[in-house]
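Colleague: Chains as they are written, first to last, in numbering that gives the first Met the number 0: chain R, 0 to 163; chain Z, 0 to 248.
It cannot be assumed that every hint is accurate.
With a straight-line cut-off of 20 Å between C-alpha atoms, the simulated SDA-like cross-links for lysine to any residue are [unchecked claim]:
#1 R:K100 / Z:A205
#2 Z:K1 / Z:A205
#3 Z:K97 / R:R144
#4 R:K100 / Z:V24
#5 Z:K97 / R:V34
#6 R:K99 / R:E61
#7 R:K100 / R:H76
#8 R:K99 / Z:F238
#9 Z:K1 / Z:V24
#10 Z:K102 / R:S141
#11 R:K99 / Z:H32
#12 R:K100 / Z:K97
#13 R:K160 / R:Q13
#14 Z:K97 / R:H76
#15 Z:K102 / R:K100
#16 R:K99 / Z:V24
#17 R:K100 / Z:E134
#18 Z:K102 / R:T143
#19 Z:K116 / R:E159
#20 Z:K97 / R:Q158
#21 Z:K97 / R:P37
#22 Z:K102 / R:V34
#23 Z:K116 / R:D38
#24 Z:K116 / Z:G94
#25 R:K89 / R:T20
#26 Z:K116 / R:P140
#27 Z:K102 / R:R142
#28 R:K85 / R:A35
#29 Z:K97 / R:A35
Covered stretches of chain R, going by a simulated chain Z footprint (3 or more residues, C-beta under 8 Å) [to be verified]:
#30 121-127
#31 135-143
Because the hints were derived from the structure by calculation, they are not lab data.
Virtual Cβ for every residue (Gly too), placed ideally from N, Cα, C.
The residues making up each chain are set out below.
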Amino acid sequence: MALPDMTAPAEGAQEATLTYTDGSSRRVFTTDTEVAFPDGRLIVSRTDLQGIITHANDAFVELSGWTREELIGAPHHILRHPDMPKIAFKGLWDTLAEVKKWHGYVKNLRKDGSYYWVYATAVPNVRNGQVVGYTSVRRKPSRTRVAELIPVYRDWLAQEKAAT
Amino acid sequence: MKLNFLVAPDFAPERFAGWHMLNTVLQRRSGIHLHLLTPADATEQTQLLAQQQVDLIYANPFDATDMIQSQGFVPFARPRQHYDEMVISTAAGNGLLKVEDLKPGCRIAITPNKDVKLIGLRLLEPADLNDTLIEWVPVESYQAAARLVIKGEVQAAFFLADAYASLTRLTRNQLQVLMESRISDISHVVLAHPRMDAELPRISEALLGMGSQPSDAAVLDALGLARGFESMSREDADFMIDLMDTLLD
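Isolated chain R (complex conformation):
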């Protein structure tokens, strides 16, 4: 499913074009506004094997800015922020394919162009020996770790752009 382009906010947004692993592209607009991860909450989502969202809990709906109806059926890369280098997700799908758990710090994009940081964990849903989907849980991250990773991700992103 190809996501529609974002609508440009009134002012103060940066424009970027994201190309996803399924080959589709989308124009996004981002702002410098960070939305704090709410204390005590967990964001929970499930996807099918193709990464299409099949479950979104209330915290996911609230923090993403999308309605539940918009999220269900959408690809999980609807959250992808252009500041996230591809290499930060390296190993995600390989790890899940090995029926193992993946962790990572991720800057996520909200519907309105603002962002939020999470510590994400993804696990394969194994039923009767078969992987039938994936569960992703995002929790409030360590700000120390986020601060350490911001320049690292920036460098990786610059290297990726230089290589294209």
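Given the structure of chain R, go ahead and fit chain Z onto it with the hints provided.
Modeller: Just chain Z now, with coordinates in the frame of chain R:
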């Protein structure tokens, strides 16, 4: 025929009568003799399970995961809209206002409840605290945990939210909540041993029917589970198990 019904030892003391009331109603409606087991602590629960004496169990989610995966217990019910949340509390007026005020080496009182520790550790991650950076002070009850906090012998304590809410007003007035989870996806689970396959439909019908008769409200109020119980499928349980798995590290 007599079946043993074990209730995990993490309910507040004032709920004790409620479990006996529920047991009586379930016996009457199912026609099955149920013997209620209320182990004093997690160790006694483990011993009873090891002796293969448990046919039905109201288990905390952490234990339920192991019983489903390792021992073949069958999930069939859970409290309706009643979730296992936890509270991190400190003493009122001690200057600690948020979890980030807790520093490496801090002392935290903790009961043997594994779910509470697991969720609490995840809530402390924003403070850059992990298992090895905390000096754990084991206690046997939430009342004991509260006493240590109030006396200033620990900086904080982990509580099951239900247990925190059941502390006396006098105690809670001397405490302050630093953080409370609002996960809404993790709950206790009612499980049946696979050997009671034949009896399960009658027990399940009786439990899920709680709330259908006027007299049930008193029982459910006594349990602190006012909305009664709802059906839980194996897929529901597997979903919760996957979620718990993401919280392990």
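Colleague: Quickly compare the C-alpha distance for R:K100 and Z:A205 to 20 Å and report which way the hint goes.
Modeller: Not OK: R:K100 and Z:A205 at ~39 Å, beyond 20 Å, violated.
Colleague: Are the Cα atoms of R:K160 and R:Q13 separated by 20 Å or less?
Modeller: 17 Å, holds
Colleague: Examine the stretch 121-127 of chain R for residues whose CB is less than 8 Å from any CB of chain Z, and state whether their number is three or more.
Modeller: Held - the stretch 121-127 of chain R has 4 residues with a Cβ nearer than 8 Å to chain Z, which meets the minimum of three.
Colleague: Quickly compare the C-alpha distance for Z:K102 and R:K100 to 20 Å and report which way the hint goes.
Modeller: 29 Å, violated
Colleague: Holds or violated: are the alpha carbons of Z:K97 and R:H76 at most 20 Å from each other?
Modeller: Violated, at about 33 Å.
Colleague: Taking only the CA atoms, is the gap from R:K100 to Z:V24 under or equal to 20 Å?
Modeller: Not OK: R:K100 and Z:V24 at ~44 Å, beyond 20 Å, violated.
Colleague: Could you grab the alpha-carbon distance between Z:K102 and R:S141 and see if it respects the 20 Å cut-off?
Modeller: Since the Cα atoms of Z:K102 and R:S141 sit roughly 13 Å apart, the hinted pair holds (cutoff 20 Å).
Colleague: Decide if the proposed pair is consistent with the structure: Z:K97 and R:V34, CA atoms, cutoff 20 Å inclusive.
Modeller: 18 Å, holds
Colleague: Checking one constraint from the list: CA of R:K85 to CA of R:A35, max 20 Å. Satisfied?
Modeller: 24 Å, violated
Colleague: Are the Cα atoms of Z:K102 and R:V34 separated by 20 Å or less?
Modeller: It is violated: about 25 Å lies between the C-alpha atoms, which goes past 20 Å.
Colleague: Keeping to a limit of 20 Å between CA atoms, is the pair of Z:K102 and R:T143 held or broken?
Modeller: Within the cut-off at roughly 14 Å; holds.
Colleague: When you check the alpha-carbon spacing of Z:K97 and R:R144, does it fall within 20 Å?
Modeller: 19 Å, holds
Violated hints, in rising order: 1, 4, 6, 11, 12, 14, 15, 16, 17, 19, 20, 22, 24, 28; the structure is consistent with all others.
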